Amino acid sequence: MSDTTIRMAQLRKRYGTTDVVAGLSLGIGPGVTGLLGPNGAGKTTLMRMLATVLAPTDGDLALLGRDPADPDERTDVRRRLGYMPQEPGFHRQFTAFEFVDYVAILKEMTDTRARHREVRRVLETVGLGDVTGRRIRKLSGGMRKRVALAQALLGDPQLLVLDEPTAALDPEQRMRFRELASELGGERIVLVSTHQTEDVAALCQRVIVLRDGRAAFDGTPAELSGLARGRVWIADGRDERAQLWWRTAEGRHRHVGEPPPGAQLVEPTIEDGYLLLAGPAVVPEGLAA
Amino acid sequence: MSTASIAAPPQPAAAPVARPRSVRLALARVEGRRLLMHPLFALGMATSIAALALASGRLPIGAADKTASVDMLVGDCFVMLGGAIWTFLVAFLAASRERRDGAQDFYAGQAVTPRLRTEAMLLSLGYAGLAGAALIAVAALVLVGLDGALVDGGQRYTVPPLALAQGPLYLVLAGALGVLAGSWTRHVYAGVFLALVLFLPPVALVPVFVFDDTLSPGFYGAVYARGPIGSLVTGIAALVVLAAAGALARHDRRPRIALLALVALGVAAIALGLPQGPDAGLGPPPGTGP
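In order, the protein sequence lines correspond to chains A and B. Under the working numbering, the first sequence has 229 at position 229, and the numbering climbs by one with no breaks. Under the working numbering, the second sequence has 5 at position 5, and the numbering climbs by one with no breaks.
Next comes chain A alone, as it looks inside the complex:
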């Protein structure tokens, strides 16, 4: 009964004539899986389908062994789901405690005492134990992100779908989010959509790169950075043959692409692998060669 996987086969979501998710076939098991991709690659659409918010246009999807197309099974999935949308849509007049408590009721926790204990637990877990009575409109962007994360943790869900959880977090908070996510990823499926390649490198056992609604890469972070091995070099000036280049803080130029003979190769990062895979679409105009 306790199927702890996500399975999708030829999953498709179409808006008008555009396939935002174009026939994805993946299986995702316990652990932290990172989802990378440029804007418009279909990450949020995929996350929304996995959070049962959006129905696929076509294809098969099974979440924790259940079919989200069936209303009863969908409700069952939602009972085991923690979802942190990209834009949670906070009720700003609520306090942090009131908001998470309200969500706890929406997660069918009706015993007041146990529910309040659980609300305090998740707020303390994300480090908001001392601001539980503060109204959300008075919280910083980073604190609001943590409130959103806290509500996703309610009830110890088997499946955590976190859409850009580290946006607006300062470096210290991001580091602590990584600790928390990696701790949670032991027996649960934690799916993290992000633009932060460092987060993926630091906490994900697996990374999927989406481009144009398709999986352009599926492997470990090391394999992703390995894609760029022998294809990243440093030079004093800009090399027109590079696929991508940018000026580093030291004033030199880092290039990704096919290196010229005798180029000074450097150890690639996961970002290099991702940029090589995703191509010019992910870098600002002017940086792409």
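FYI, nobody ran anything at the bench for these hints, they're computed from the structure. None of the values given here were measured: they were computed from a predicted structure. Incorrect hints may appear among the rest.
Label-pair ranges, simulated between beta-carbon atoms [unchecked claim]: (1) A:218 to B:36: 47 to 57 angstroms; (2) A:112 to B:42: 23 to 33 angstroms; (3) B:205 to A:30: 57 to 67 angstroms; (4) B:50 to A:135: 27 to 37 angstroms; (5) B:254 to A:29: 31 to 41 angstroms; (6) B:37 to A:243: 54 to 64 angstroms; (7) A:111 to B:130: 21 to 31 angstroms; (8) B:201 to A:129: 44 to 54 angstroms; (9) B:253 to A:243: 45 to 55 angstroms; (10) A:112 to B:184: 51 to 61 angstroms.
Computed footprint of chain A on chain B, listed as stretches where at least three residues anywhere in the stretch have a Cβ under 8 angstroms from a Cβ of chain A [said to hold, decoys possible]: (11) 24 to 31; (12) 172 to 182.
The beta carbon of each residue, even a glycine, is placed where N, CA and C say it ideally should be.
Starting from the known structure of chain A, arrange chain B on it as the hints suggest.
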């Protein structure tokens, strides 16, 4: 955020349960408390209390005719008008909260359905009804006393107990209309506009059947009902059900909701259309006198 708390997250204390009735009640309690604690609701009740004080002649200005003031305040619940407007707005804001705050995605991923949330929102209006009942009870005690009879100008009058239900029910109706409006539109200006149209002159669609205005008839709308008090209360209750059905229809298209709305509409039309019978307000009961 303490590193220790992250490194070893404690096990959750609460396990989810899936009983719609208890979820509905838990949500209704939270929504009801939020309604009672809302500054606009407090403002509305304060308005009602001020109206009570003014019109009962307890202040230097206000009504001088004791029976008329009792008739108006307790029997016809004019005192509830201020509370009703703000109850409408608070209920509107609560019902439209999800869409105003762009939280549709967030709610869509929860186990509790929008239908159940609307039901809870409607149930929470019971808190407004209780607040109204408390106000009316105090007013009745102050103005009439425990025996429910008033002696004025040598004449003994009684307050029909059922008439006291009008005020609280009126608040519930205002709240149900707020939930109805908030279920279908998220625009605050639309809520404010509806509050004006429903409750205030020159249109004042809602008070016409509640407000049996003996002092300035016709001020609130062109039509006002003067029927048996039982019919008026039944009519208001039917309108509450009608508004509730309209709110539920946003997420529940089952035939039973349409049927409920039709029945409520029919009952309201019959109950409020009854022109015969005694005045809904105070009146000297037969055989009573000085």
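Quick one: are residue 254 (chain B) and residue 29 (chain A) within 31 to 41 angstroms, going by C-beta? holds, 39 angstroms
Between residue 112 (chain A) and residue 184 (chain B), does the C-beta distance stay in 51 to 61 angstroms? At roughly 32 angstroms between Cβ atoms, residue 184 (chain B) and residue 112 (chain A) fall outside 51 to 61 angstroms, so the hint is violated.
Do residue 253 (chain B) and residue 243 (chain A) keep their Cβ atoms within the hinted range of 45 to 55 angstroms? Check passed, 54 angstroms falls within 45 to 55 angstroms.
Determine whether the Cβ-Cβ distance between residue 112 (chain A) and residue 42 (chain B) falls within the hinted range of 23 to 33 angstroms. This hint holds: roughly 24 angstroms between Cβ atoms.
Is the gap between the beta carbons of residue 111 (chain A) and residue 130 (chain B) within 21 to 31 angstroms? holds, 24 angstroms
Range hint compliance [Cβ, residue 205 (chain B) to residue 30 (chain A), 57 to 67 angstroms]: For residue 30 (chain A) against residue 205 (chain B), whose Cβ atoms are near 58 angstroms apart, the range 57 to 67 angstroms holds.
CB of residue 201 (chain B) to CB of residue 129 (chain A), is that within 44 to 54 angstroms? holds, 52 angstroms
Whether the CB-CB distance between residue 37 (chain B) and residue 243 (chain A) falls inside 54 to 64 angstroms: holds, 59 angstroms
Given as covered by chain A, does the stretch 24 to 31 of chain B meet the bar of three residues or more with CB within less than 8 angstroms? With 4 residues close enough to chain A, the hint holds.
Within 47 to 57 angstroms: is that where the Cβ-Cβ distance between residue 218 (chain A) and residue 36 (chain B) falls? holds, 53 angstroms
Does the Cβ distance between residue 50 (chain B) and residue 135 (chain A) fall inside 27 to 37 angstroms? Given about 29 angstroms between the Cβ atoms, the range holds.
Using C-beta distances, would you say chain A covers the stretch 172 to 182 of chain B, given that this needs three or more residues below 8 angstroms? violated (count 0)
Hint compliance for this structure: hints 10, 12 are not met, and every other hint is.
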